[in-house]
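K.L.:
Now for the letters of each chain:
Number of protein chains: 2
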Amino acid sequence: MREKVNLAEKVRVLQGSYAPGIVGYLNDYKLAVVKVEGEFVWHTHDDTDDFFLVLSGRMTIQLRDRNVELEAGEMFVVPRGVEHCPRADEEAHVLLIEPKGTVNTGDAGGKLTAPEVEI
Amino acid sequence: MREKVNLAEKVRVLQGSYAPGIVGYLNDYKLAVVKVEGEFVWHTHDDTDDFFLVLSGRMTIQLRDRNVELEAGEMFVVPRGVEHCPRADEEAHVLLIEPKGTVNTGDAGGKLTAPEVEI
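Respectively, the protein sequence lines represent chains U and X. Under the numbering used here, the first residue of the first sequence is numbered 35, with each subsequent residue one higher. Under the numbering used here, the first residue of the second sequence is numbered 35, with each subsequent residue one higher.
Simulated from the structure, these hints should not be mistaken for laboratory data. Treat the hints with care, since some could be wrong.
Copies of the same chain look alike in the list, so a pair counts if it works inside one copy or between any two.
Below 20 Å or equal to it, Euclidean Cα-Cα: the simulated SDA-like pairs (lysine to any residue) are [what the hints assert, rightly or not]:
| # | residue 1 | residue 2 |
| --- | --- | --- |
| 1 | LYS64 | LEU48 |
| 2 | LYS134 | VAL39 |
| 3 | LYS134 | GLU152 |
| 4 | LYS38 | CYS119 |
| 5 | LYS64 | GLU43 |
| 6 | LYS38 | ASN101 |
| 7 | LYS134 | PRO149 |
| 8 | LYS38 | LEU97 |
| 9 | LYS64 | LEU146 |
With the rest of the complex left out, here is chain U (with noise of 0.2 Å):
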């Protein structure tokens, strides 16, 4: 039987930004935390949609037309095909939910993809 998770407890484990750890999983979905900070890769999810809800600090969902600005509390789906690039001026902690085996660098791929870990 799986443990409950604090996710503020599995954030400390992270090492460095834009590096997921998985803390469970949804029938196939992973649940993942994350550390941004800096700017991510422009990229698409062609066959997901992109779950992000941010557990501290805040962070912006550049989209090629707006920007999404979210602070703790807020969560944003990306819609599948639709080009963003997550950035953070100051380290920001969030929680991803995507189907197990999504590339976190979507089509875009490059130095900042980053395995399926558990932590």
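Keeping the supplied structure of chain U fixed, place chain X upon it in accordance with the hints.
P.N.:
Below, chain X without anything else, positioned relative to chain U:
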């Protein structure tokens, strides 16, 4: 394009306990906030896990063999097929994630069964 959601603001729209309000979707999953106070009903979801994240306050997810005590920032996924009964001594606010069409009372039914309502 969908907009961001401030979860605390959405909670203020809710009427009564254990009546979830849908605030968004992630693919074929519904994202809902709910106020919990008092005891819900023992029930099982045979076809899906059941995601709880406490946003404020405290709650207990009673399982047949133990209680899972959750406070703000803590998450628990009830595995599919595991009987459970949420309870809160004082009002708490919770984010729920389940596949669309999942009935809040699972196999139990009864008067606490709530319709799927967007808020």
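K.L.:
For every hint, state whether the structure bears it out.
P.N.:
Hints, one by one, checked against the model:
no., hint, result
1, LYS64 x LEU48, "within (16 Å within a copy, 28 Å between copies)"
2, LYS134 x VAL39, "within (18 Å within a copy, 24 Å between copies)"
3, LYS134 x GLU152, "within (12 Å within a copy, 27 Å between copies)"
4, LYS38 x CYS119, "between (31 Å within a copy, 15 Å between copies)"
5, LYS64 x GLU43, "within (18 Å within a copy, 27 Å between copies)"
6, LYS38 x ASN101, "between (34 Å within a copy, 11 Å between copies)"
7, LYS134 x PRO149, "within (11 Å within a copy, 29 Å between copies)"
8, LYS38 x LEU97, "between (34 Å within a copy, 13 Å between copies)"
9, LYS64 x LEU146, "within (19 Å within a copy, 30 Å between copies)"
When the structure is compared with the earlier hints, no violation turns up for any of them.
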